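Peer 1: Okay, here's what each chain looks like letter by letter:
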Amino acid sequence: MIESRLKKVLAAGHFAVTAECGPPKGADPEVIRKKGNLLKGFVDSVNVTDNQTGVVRLSSLAACAILREEGLDPVLQMVTRDRNRIALQSDVLGASALGIRNILCLSGDHQSLGNQKGAKGVFDLDSMQLLQTVRQMRDKGIMLGGDRLNANPALFVGAVENPFGDPQGYRVARLAKKIRAGAEFIQTQCIYNLARFSEFMTQVRDRGLDSKVFILGGITPLKSIRMAEFMRDSVAGMDVPDEIIARMKGVPAKEQRQEGIKIAVETIRALKELKGVHGVHIMAIEWEEVVPTLVEEAGLSPRPDV
Amino acid sequence: MITAERKPFAEIKAACAPYRRILVVGCGTCVAECAAGGEKEVALLASQLRLDAGKARRTIDVKEVTLDRQCVYEFIDQIFPLVDQYDVILSLGCGAGVQAMAEVLPKIHIVPALNTTSIAETMEQGVWREDCRGCGDCKLDRFADICPITRCAKGLFNGPCGGSKGGHCEVDPDVPCAWHLIITRMEETGRLDAMNEVEPPADWARTQGKGPRKIVREDQKTP
Chain A
52 MIESRLKKVL AAGHFAVTAE CGPPKGADPE VIRKKGNLLK GFVDSVNVTD
102 NQTGVVRLSS LAACAILREE GLDPVLQMVT RDRNRIALQS DVLGASALGI
152 RNILCLSGDH QSLGNQKGAK GVFDLDSMQL LQTVRQMRDK GIMLGGDRLN
202 ANPALFVGAV ENPFGDPQGY RVARLAKKIR AGAEFIQTQC IYNLARFSEF
252 MTQVRDRGLD SKVFILGGIT PLKSIRMAEF MRDSVAGMDV PDEIIARMKG
302 VPAKEQRQEG IKIAVETIRA LKELKGVHGV HIMAIEWEEV VPTLVEEAGL
352 SPRPDV
Chain B
319 MITAERKPFA EIKAACAPYR RILVVGCGTC VAECAAGGEK EVALLASQLR
369 LDAGKARRTI DVKEVTLDRQ CVYEFIDQIF PLVDQYDVIL SLGCGAGVQA
419 MAEVLPKIHI VPALNTTSIA ETMEQGVWRE DCRGCGDCKL DRFADICPIT
469 RCAKGLFNGP CGGSKGGHCE VDPDVPCAWH LIITRMEETG RLDAMNEVEP
519 PADWARTQGK GPRKIVREDQ KTP
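One line per chain: the protein sequences are A and B, in this order.
For the first sequence, our numbering assigns the number 52 to the initial residue and increments by one for each residue that follows.
For the second sequence, our numbering assigns the number 319 to the initial residue and increments by one for each residue that follows.
It is worth saying that the hints were derived from the structure and are not from the lab.
As the structure is a prediction and not an experimental result, all values here were calculated from the model.
We treat Cβ as the ideally placed atom computed from N, Cα and C, and that holds for glycine.
A few of these clues could be false.
[As the list claims (entries may be wrong)] Straight line, CA to CA, 27 Å or less: simulated DSSO-like cross-link-like pairs of lysine-lysine:
| no. | chain 1 | residue 1 | chain 2 | residue 2 |
| --- | --- | --- | --- | --- |
| 1 | B | LYS539 | B | LYS528 |
| 2 | A | LYS171 | B | LYS539 |
| 3 | A | LYS168 | B | LYS483 |
| 4 | A | LYS191 | A | LYS228 |
[Claimed, not checked] Coverage of chain B stretches by chain A, computed from C-beta distances (three or more under 8 Å per stretch; other residues unrestricted):
| no. | stretch |
| --- | --- |
| 5 | 369 to 380 |
| 6 | 508 to 519 |
[What the hints assert, rightly or not] Label pairs and their computed distance ranges (CB to CB):
| no. | chain 1 | residue 1 | chain 2 | residue 2 | range |
| --- | --- | --- | --- | --- | --- |
| 7 | A | ALA304 | B | GLY452 | 40 to 46 Å |
| 8 | A | SER163 | B | ASP463 | 37 to 43 Å |
| 9 | A | GLY220 | B | ARG447 | 24 to 30 Å |
| 10 | A | GLU317 | B | ARG531 | 57 to 63 Å |
| 11 | B | GLU439 | A | GLY220 | 27 to 33 Å |
All chains, full assembly: derive it from the sequences and hints.
Peer 2: Okay, structure coming up:
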């Protein structure tokens with residue numbers, strides 16, 4: 052029986068490392084294998100995005116199956132934007148049958164932000180309802196509407212949270228609601244504003260939520276000052292403070308990647324010391340090859356045996 | 319009310335091009351209120367058609383009529399005597415108006431001149447905002463009287479996504495985040511705790527379960 056490595060690592064009390072792998076805009080499975088093998092041994096599990104930002108890419112489910120073949124522990128990202136409850140539940144069963152053991156439930160970026168602007172947004176369920184549905188399928192063997200499954204899916208169930216989203220005062224309550232809906236692990240939006248994230252974590256601890264869910268802090272290494280400004284100005288729900296911009300600006304163009312790595316490593320080290328944070332989730336956008344460097348420099352290599 | 323916007327003239331002109339005798343039919347209710355298909359707009363479109371035909375040295379016969387309600391058969395009766403004299407009806411009614419006329423006028427081609435958009439409120443003169451998608455299962459009281467199906471771009475039932483900034487939607491910075499409004503109103507009325515419960519999946523069968531919805535009220539039928 053295949054088990055979730057992510058779950059085992061977290062349950063054993065280790066500081067977990069996950070990384071994101073964006074599937075290609077094409078049908079070549081080698082791209083996935085290559086990305087997977089870059090990450091192998093340096094991370095516990097690999098998230099595969101589901102048509103992120105509404106741009107059509109090789110399917111998350113297929114890419115996860117390929118990663119599984121390569122011996123990795125994939126995290127299937129599943130958005131409710133593109134599939135109704137029939138397709139979602141069917142893919143949950145299919146994922147489990149393919150040996151995928153982790154699922155991340157999201158609503159997904161709005162279709163108008165992607166390359167299929169005329170697409171009909173489905174949103175039959177939202178992320179909370181998907182969480183609840185998957186938990187009910189796994190724990191009780193019941194699908195929506197009450198029909199029984201003849202074999203339950205085996206999935207470790209996660210959700211996302213953006214500590215920097217609006218309305219600010221509601222973010223912790225929203226996290227609590229995701230836990231109530233069934234989230235067992237949380238991967239957060241990219242953290243550049245550590246002070247604000249620490250405040251968020253204080254509220255999380257005050258409500259005792261850190262003992263109810265595993266929280267993995269999001270890390271995206273910056274490649275350039277242009278990327279930093281783009282993240283600040285054009286990516287929804289992102290908080291890139293002035294000091295990060297100043298640091299990236301303060302070095303010549305050819306050293307900016309190095310500075311981006313430095314910031315990311317410092318952030319990972321800070322998160323390791325932050326009570327209630329159980330790991331990091333590295334989203335190196337089209338820069339997966341930097342992940343081993345980050346993991347090593349942050350002192351998170353080798354990964355534990357579990 | 320139902321809101322609509324007039325189609326671009328080029329599109330209307332192209333659709334009417336095969337016809338010489340055009341009956342322009344407006345509606346005096348919702349689409350008049352939102353200045354898309356009332357008497358004034360009918361007159362304007364008719365003049366545009368005449369002017370345009372004149373420029374092209376084409377002779378056309380355009381007649382203007384505005385019904386009190388294009389979606390009620392009794393009001394459509396008024397144009398029965400005219401229909402035979404025209405090649406096409408150009409409707410400035412909403413989608414219900416066009417289809418009601420098609421129901422009772424089986425032999426004439428009807429061209430819509432409007433794009434019907436929504437069930438909306440008038441926010442100020444010249445500004446109408448969509449409020450309702452007619453889901454058939456109103457739960458507004460649970461959402462601080464702000465409809466998340468209509469006013470959240472993703473139609474989320476359980477709180478805001480991570481994409482709003484400064485109370486505005488990620489999809490369009492001019493659109494307020496519906497969930498920001500819901501939470502603020504819940505907070506102000508001391509009902510925020512009601513948001514803790516996970517709202518179950520909607521029953522879309524009430525919207526699209528068995529094709530178009532029909533209300534039959536025996537008590538309202540004429541004996």
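Peer 1: Go through the numbered hints given earlier and state which of them the structure violates, listing their numbers in rising order.
Peer 2: 2, 5, 7 and 8
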